[in-house]
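Chains as they are written, first to last, in the numbering used here: chain A, 1 to 327; chain B, 1001 to 1356.
Quick caveat, the hints were computed from the structure, so don't treat them as lab data. For each residue, glycine too, the CB sits at the ideal point set by N, CA and C. There may be inaccurate statements among the hints.
As the list claims (entries may be wrong) - Calculated Cβ distances over 10 Å to all of chain A for the following chain B residues:
hint, residue
1, 1095
2, 1125
3, 1144
To be verified - Across the chosen pairs, the derived CB separations fall in these ranges:
hint, chain 1, residue 1, chain 2, residue 2, range
4, A, 246, B, 1290, 33 to 43 Å
5, A, 117, B, 1095, 48 to 58 Å
6, A, 136, B, 1162, 47 to 57 Å
7, A, 159, B, 1142, 54 to 64 Å
8, B, 1162, A, 25, 50 to 60 Å
9, A, 88, B, 1166, 51 to 61 Å
10, A, 125, B, 1084, 15 to 25 Å
11, A, 218, B, 1084, 45 to 55 Å
12, A, 246, B, 1084, 47 to 57 Å
13, B, 1318, A, 235, 46 to 56 Å
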Amino acid sequence: MLAYATRKLLISIPVLFFATLVAFLLVATVDPIAEQRVFLLSQPGGAEQVARLEASLGLDKPLVERYGTWLGDLARGDMGSSTENGRAVTTLLGEAIPVTLRLVVAATVISVVFGVAVGVVSAVRKYSVFDNVSTFFAFLFFAMPVFWLGAVLKDLGIRFNDWWGRRIFFTIGEQSPRLDADFWGTWADRAGHIILPALTLILIQLAATSRFQRSAMLDVLESDYVRTARAKGVPRHRVVTRHALRNALLPVVSYTGLTFGTLIGGTVVTEVVFNWQGMGRLFLDSLLDGDVAVSQGWLLAVGVSVIAVNLLTDLVYGLLDPRVRHG
Amino acid sequence: MSTGGAVPSDPATGSATWQPDSTAILSVRDLKVDFVTDDGVVQAVRGVSWDVYEGEVLAIAGESGSGKSVSVLAAMGLLPPDARVSGSISHRGRELLGMPEKQLERLRGSAMSMVFQDPMTSLNPVMSVGDQIAEGARVHRKLRRKPARERAVELLDLVGIADAARRVDAYPHEFSGGMRQRAMIAMAIANDPDVLIADEPTTALDVTIQAQILDVLERARQAVDSALILITHDLGVVARTAHRLFVMYAGRTAETGMVDDVFEHPAHPYTAGLLAAIPRLDTPRGRRLIPIEGSPPSMLSPPPGCAFQPRCGRASDLCPKNPPPPLMLVSVPSHYSACHHPLTPLQTPIAEDSDV
Ligand SMILES: Nc1ncnc2c1ncn2[C@@H]1O[C@H](COP(=O)(O)OP(=O)(O)OP(=O)(O)O)[C@@H](O)[C@H]1O
Ligand SMILES: [Mg+2]
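Chain A on its own, in the form it takes in the complex (with noise of 0.2 Å):
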């Protein structure tokens, strides 16, 4: 095993440099000052301005020497900073991150749990009313786009306050503005908020996992070795739980790692409908305000992360499956 998780700790290493290449290039292929130039260059005397203001950004030297000394400010913690508001990519980032950490982890950890126990239900006892009802949920919530389901569960979470006489649904922002509570009133005051945001992404990503872990389950249910299991006299429950739902997780598990970028897709939606001030915000302000460096720390941040979630499933999978550890 130590062996195995060694080997694909070194092989992130080069996937992780071309993140930087991809997340330095996304941005410093597009040209920050088009509108400027455009308008600057009608003028008498433009392309002296368009010089000098092609200088100051340091969009005179080449590619090459741009992705270098990004990279070398990188490598000391200095990610530039904000050509709108001066604050430093880090400290902007470093605000922005724990907040959708948060909305991600919620809805990743719930929606895999839940996800898992409904496929393996669902399988075991195939076309049952609780199969065909999940069946239908996970179609109907697998249709919906984020921002619709979102919009929808905000109306509803409103309507519900109102009829209840008091706010228990949070709508707006990740946490109530100038908050004075102690921690546990804080993490209360957070636990409101976060429902609705992350029952939108549960709701979409449940119905995924759930359908792919019902199809998983009924292909292991069907192999051989379980039935060796049954021939063996081994109870039903313990045939299910030690030898199928272990195999029937290794391609959920997969399946996890690899839509883990649409998931951070739809939390960028999902905070936007409920106006969070997480990562989904900062990206939308850096594109709109064509503000470089953050998006370039963005799309690195989000980039890593992605790394690091692939290789986490890479060492579950390992964990699991003895002819991946061992090959």
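Following the hints, put chain B with the ligands in place on chain A, whose structure we already have.
Just chain B with the ligands now, with coordinates in the frame of chain A:
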């Protein structure tokens, strides 16, 4: 019917008592199995009866699709839930059909156990071989981890896995096909079953190790002193290992009797055809092996009457009309055949109302 009284036998079942004082461990009576599929009803087994007696080796032979696997899976209670099973299967007098799953689980892997055809897919890839062998002992004998593991080492050693104490922690992918089948055999005898079922245990293996695995199976059987039901296509294997033979054709009994009797005087043209197709050391050089012409019928719509009749050189007008019942041979009372035109004479059918 002069011999009818001398040896106790059951004309309805087509099987005779193998030794006067031995007891039947597994008795199958008029077993029928249907599968309802999108194409129609597959009549996989259409009324077979047989017994397995203590300590004997019963071979079940027949071409592909004749219902061999389905018959034994029915006995193990391992058919898919959509299979329609009727008749009777009893283990030491206890009816297994309709038995609650919990009780069946207690018999499976302890009183009756099974070795499957394909060792490459029959072992759980994510569980160590030792854990899979020990599991039977843990489930049935409530052994704790350590003694169960010791039992696994002991069993691996018995089936000829070298360095068993170390290999016990290996995973199936670290074993060759032959080693995996040895592990399957170890698993099957873990709780001293009184009947062991092996469904074509060597078909998926390399020819060079098939004989070894059959030896291991026989050694394992003797170690636990169980009966063995050996399903095989290979009548050469039957001649070497089995006491009694049951030949199936299209879900029905074709012929059954002691191996020597059947080999010497096959009564059914199908059995004779199978025998003519075995390569033998005493076959004169130059004589070709004659496979039976044609192929087995589809069990979606088997031919009426005797199912073998379309492929049979001896068939008459009678054959497509009535399915022949299994009848005792005139010469050998423990030998039965189901044929209207047998190669050796059969006794006349017993009238329904006469005493048996
Ligand atoms: N689950 C099932 N659903 C539908 N038909 C089935 C099923 N299992 C078996 N059958 C059919 O039942 C018939 C008997 O199958 P069985 O597996 O018992 O044959 P067999 O004698 O063991 O042949 P082989 O030598 O190829 O193993 C075949 O026609 C097969 O297609
Ligand atoms: Mg078979």
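Right, here's what the structure says about each hint:
no.	hint	in the structure
1	1095	holds, 18 Å
2	1125	violated, 6 Å
3	1144	holds, 16 Å
4	A:246 - B:1290: 33 to 43 Å	violated, 50 Å
5	A:117 - B:1095: 48 to 58 Å	violated, 37 Å
6	A:136 - B:1162: 47 to 57 Å	holds, 56 Å
7	A:159 - B:1142: 54 to 64 Å	holds, 56 Å
8	B:1162 - A:25: 50 to 60 Å	holds, 58 Å
9	A:88 - B:1166: 51 to 61 Å	holds, 58 Å
10	A:125 - B:1084: 15 to 25 Å	holds, 21 Å
11	A:218 - B:1084: 45 to 55 Å	violated, 22 Å
12	A:246 - B:1084: 47 to 57 Å	violated, 33 Å
13	B:1318 - A:235: 46 to 56 Å	holds, 52 Å
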